[in-house]
Amino acid sequence: MKIRHLKLRVLLWFGFVSSIAFFLISFILYNTLEHSINNKSINSMYEMAEYIEYTLWILVPILLIILIFLVSRVIDKVLNPIKEITKTANEISISDFSSSIEEPTDNDEVREFVRSFNGMIYRLKDGVERMDRFNHDVSHELKTPLTVIKGEVEITLDRPRKSAEYIKSLQIIGEEASQIENMIKSLLFLSKYSKSNIKHSFEFCELDYILFKVLDRYKIQLKNKNINIHLKNIEKIKKKVNPVLIESIFSNLIDNAIKYSNKDKNIYISLFQKEKIRFIIEDEGIGIPKDKIQKLTHRFYRVDESRNRKIKGFGLGLSIVKNSVELHDGTMHIESKEKKGTIVIIDL
Amino acid sequence: MKILIIEDDENIRSLLHRGFIEYGFNVELAEDGEDGEYMATINQYDVIVLDWMLPQKNGIDILKNLRSNSIKTPIIMLSAKSDIDDKILGLKHGADDYLSKPFSFKELRARVESLYRRAISDGSNIMKIKDIELNISLKRVIKNSEEISLNLKEYELLTFLFKHKNAMVSNSMIQEQLWSNNDFINSNVIQVTIYNLRKKIGKEYIKSYRGLGYKVED
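Respectively, the protein sequence lines represent chains A and B. Just so you know, we're using our numbering here: the first sequence kicks off at 1 and counts up by one. Just so you know, we're using our numbering here: the second sequence kicks off at 1001 and counts up by one.
Source of the hints: derived by calculation from the structure; they are not laboratory data. Where a beta carbon is used, it is the ideal one built from N, C-alpha and C, also for glycine. Be aware that a few hints might be false.
[What the hints assert, rightly or not] Cβ-Cβ distance ranges computed for the label pairs, FRET-style: (1) B:I1021 with A:N224: 39 to 47 Å; (2) B:S1124 with A:E181: 19 to 27 Å; (3) B:D1035 with A:Q171: 45 to 53 Å; (4) B:D1085 with A:V153: 28 to 36 Å; (5) B:D1035 with A:R115: 51 to 59 Å; (6) A:S196 with B:D1085: 50 to 58 Å; (7) B:V1189 with A:N262: 39 to 47 Å; (8) A:E206 with B:I1021: 54 to 62 Å; (9) A:D291 with B:R1140: 52 to 60 Å.
Looking at chain A on its own, in the form it has when it is part of the complex (with noise of 0.2 Å):
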């Protein structure tokens, strides 16, 4: 049969093993005096190791009893702090994570356990509060592209209409449609790679190659708003890296630029090679407030809280920088002036 509680088994092993103990060694003292009765005198000899025997009798299970106390104590000590776990992981749930365990003020094996186990606890809380915030942004974000896909079919429907005003609304849907469609793209695009799995897809790349690649896709639009790219120092540098990446890491920090660029003005790029790989990007937009800047690598952070949707996007392209920036064990430096313009840093 097996006892359930920890404490009693340890305690019925510890009271079974020390018995056994004390009878051998009352044992074998006994046997060593009836051992050496022969060369004294044999009575007094036989009245010590009586009396001998008879102490041992008392004294065996006082000790024995006292022993058992202080073991109880320490399993106590032991148990306690699991029995308290028990308590608080039973009561967490992901909808409340308020509970976390008192530390015991010994400094040992027991409090590191509770430290880590309420550590957990608040790494727990915190990735759900960020899965709950970032629920909160998909479903904000996808209201407003809704709200015009339901309406224009709505009033479309109406009534009867000319061909060309069912054109016209069919495109105002598609337009939404499509801007649903990046947006999921782009968190995909956040969740694919973890620390974890990065590595696998690493191989060796040509970083200048990969620059030049996206600069070339953004001809039309720096022409359309006249704006030049000075090339400063631009280094061939070969890196293992993931392309895709780092690939875009450089199309949203030009996009970024662009955007919030007003017309006729430049953007210096610098990628070179010291100690680390340097990508330097250069604006003289339009410029983030110095309180706004911590915040721009949040998903779905924008500066304009009205999400002006006159620069499309979703606050998106930050985070996908940071996220990737990150996953090189790069870092990434922001500096910005309002109304002068922004210079974004990335060392890999």
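Given chain A's structure and the hints, the job is docking chain B onto it.
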């Protein structure tokens, strides 16, 4: 009915514009908070449709400013925010109604119409002057238990006159209420509308004061 739509998203704005115009509303548009607040301050509207997230000035600030300038125009807020707390915040700052995106246009129209009804007739659907009954929810006019058929502009004009009963209504007031700034009309069009309306309901109901305007009396 004259409404102002303050909405920054171009597609939503044009959608609402088309939808309301097709139901005979006189619609004016503002695409950012500053413009919207300015228009709401200097013009008279029956209802304002106000988006929450706007460039320059957000919807809540506009609400606060309008209400503190004692502009009592009914306002319905639109927002992608759908938390109860957001709705409460909007209503607390003086919105009369709140609709979350994505919404159905029919519902928005119904809510706008209901706000309008409440504003002009103290809750009842029927406004009555002498033996003419105007049913606002059905948009029907009944005189001596017989229905008079009016076109949209005539109906709007009659409602406007009923709303300002016993007060002088000038030509320019009528023009502002019935036609948006983008419709370039001459005073002839107003005269013709008045003429037709008077012919249909009876000349004696609408008194004309040369150079001043028109008046409907109890």
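(request) Take the C-beta atom of V1189 (chain B) and the C-beta atom of N262 (chain A), compute their distance, and say whether it sits inside 39 to 47 Å. (result) 44 Å, holds
(request) With 54 to 62 Å as the target window, see if E206 (chain A) and I1021 (chain B) comply at their CB atoms. (result) 57 Å, holds
(message) Taking 50 to 58 Å as the stated bounds, is the beta-carbon spacing between S196 (chain A) and D1085 (chain B) within them?
(response) Given about 38 Å between the Cβ atoms, the range is violated.
(message) Verify the CB-CB distance for D1035 (chain B) and R115 (chain A) against the hinted window 51 to 59 Å.
(response) Distance hint for D1035 (chain B), R115 (chain A) holds at roughly 57 Å.
(request) Starting from the hint 39 to 47 Å, judge whether the C-beta atoms of I1021 (chain B) and N224 (chain A) obey it. (result) 33 Å, violated
(request) Can you let me know if the beta-carbon spacing of S1124 (chain B) and E181 (chain A) is within 19 to 27 Å? (result) 49 Å, violated
(message) 52 to 60 Å was suggested as the range; check whether the CB atoms of D291 (chain A) and R1140 (chain B) agree with it.
(response) 57 Å, holds
(message) A range of 45 to 53 Å was offered for this pair. Does it hold for the Cβ distance of D1035 (chain B) and Q171 (chain A)?
(response) 27 Å, violated
(message) Range first: 28 to 36 Å. Now tell me if the beta carbons of D1085 (chain B) and V153 (chain A) are that far apart.
(response) 31 Å, holds
The structure fails hints 1, 2, 3 and 6 (numbered hints given earlier, in ascending order).
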